[in-house]
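**Q** Here is what each chain is made of, one letter per residue.
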Amino acid sequence: MREIYEAHVDDVWRTVAFLGVAKSEVPDVCQEVFLTVYRRLPSFEGRSSLRSWIYGITMRTVAAHRRRAYRRRERPHAEPPEPEPNGPDQEHRVIAKQRVEQLRMALDGLNEQQRAVFVLYEIHAMKMSEVATTLEVPIQTAYSRLHAARRAIRTLFGAEGGQ
Amino acid sequence: MNEPKRLAEFDDALAGEIRAAREVGPTEEERAKLAATLPFLAPPPGGPGGSTGSSAPGPTGAAPAAAGNTSGLGLLKAAAVVLTLGAPAAWLLQGESAPASASTAQTVVEAALESRASESVPSETTASRSVVESPTSEAPDIASPRSEAESHESDAEPVEVFISDERQIPAPSARAPRARRSSTEHAEGPITPRVGRTARHAEVAAGVEQDEVEEPPSADTTYEEPSPIADESELALVASARRRLRTQPARSLALANRHRERFGNGAFAQEREVLAIEALARLDRRDEAERRAERFSRQWPRSVHGARISAILQR
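Here the protein sequences line up with chains P and S, keeping their order.
Just so it is clear: in the first sequence, position 57 is 57 by this note's numbering, and no numbers are missing.
Just so it is clear: in the second sequence, position 266 is 266 by this note's numbering, and no numbers are missing.
It is worth saying that the hints were derived from the structure and are not from the lab.
Given the structure is predicted, the values throughout are model-derived calculations rather than measurements.
No incorrect hints appear here.
Taking lysine to any residue and the SDA-like style, the derived pairs with C-alpha atoms no more than 20 Å apart in a straight line are:
#1 Lys5/S x Ile139/P
#2 Lys97/P x Val304/S
#3 Lys23/P x Val24/S
#4 Lys97/P x Asp108/P
#5 Lys127/P x Arg6/S
#6 Lys127/P x Glu3/S
#7 Lys33/S x Arg2/P
#8 Lys5/S x Thr141/P
#9 Lys5/S x Phe157/P
#10 Lys33/S x Met1/P
#11 Lys23/P x Thr27/S
#12 Lys23/P x Ala96/P
#13 Lys127/P x His8/P
#14 Lys23/P x Glu29/S
Here are some of the chain P residues that sit facing chain S, going by a computed Cβ distance under 10 Å:
#15 Asp11
#16 Gly20
#17 Val26
#18 Gln102
#19 Met128
#20 Arg154
Quick partial rundown of chain S residues pointing at chain P, CB under 8 Å, derived from the structure:
#21 Glu3
#22 Leu14
#23 Glu30
#24 Lys33
#25 Phe40
#26 Phe268
Note that CB positions come from ideal geometry on N, CA and C, so glycine has one too.
Taking the hints into account, I'd like the entire structure generated from these sequences.
**A** As structure tokens, then:
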């Protein structure tokens, strides 16, 4: 189980972070994912790759978390301030964080299905067939969601460029 | 079927963001804290992070560092603590045959998970029943960022609280079928005055911008109360405010305020504030614009929108 954790913790964390979970709650959701993985591992039949299987659990855990958060009417609260940039390396990190934040905000404009496809294909660089398997949808559906997600994200980013 | 090229490989506007996103992951500290909450990952004696020895692995060992900024994980975390305390040799769970204490421990985890995982089941069913969308569909389904189920629950913010005006657009119910909504998504979706011709023509063809055509910008300076819009999702409100910024700044401001009222520090809070500041500036309400800009810079001191706001105020 440790090997599985080590091999997948980064991917799970990244997925959770980009699927709309507040930063402060990412560790909790990741914990829930790995507890579920541990609990269900004996029933893993190998019909998909282990990676797809874990992503599937991650998706469902995040969806359940979002529903719970919505019922509690939770809104993302202000994140703690970042430390002031100190040197070019730190500055580079701050810029990278800003870019990530911009992308996260844009992803918030997508529906859950489009967002999932976009995150798996564009950020995790999964193959489209694997995306479809993970999300349990026909591959054509995955393609059309990707298409719609790209259009939406581009519109949002284009709109942010000033007028 | 050939895989489409990924945006990170060719899209200048997005490649940087996506590459940065690919670097996101837990820090070493976050990784260690997470591992400490997973009973089956209790470090073996002498292993990484095992400086406290094998007597008290897991959350109790990490508590001094973790307690400060974690709010607790409720039932699951409690289960993890029970597990760790009740099974000091929980790392043995990695083995094929779990000891009796581990079985008990697993039961606790399962009991904890059942209450939460039960909510996952509908999502699986939903996924398997999901509508097959046409790959050639040109209507992006982006104006409803919340799931349908969530939309149903959003009835606490009724559309009817608006004081309608002569430009009232009939508001479809949240349960309106997709086909019915598709035209209104164009009306209130994230389409800016900068969109391409085709989209613009589609909007005009759908007759959704008649209000903007009929009303000259000068008539808008005192307008405060937004009329209902078809889709009150967060994105739709901001997009609608953006579209009206030039021609109807007061309406744009009202929509931005409406967004603030409903979504507070939501996903597009910064964009909303920029829009409101620009609308105020266009309405010659410069004092208010400057006050709002000050609040913005206090709240988001390093926002990428800072330069834009400065430019607006210097006009």
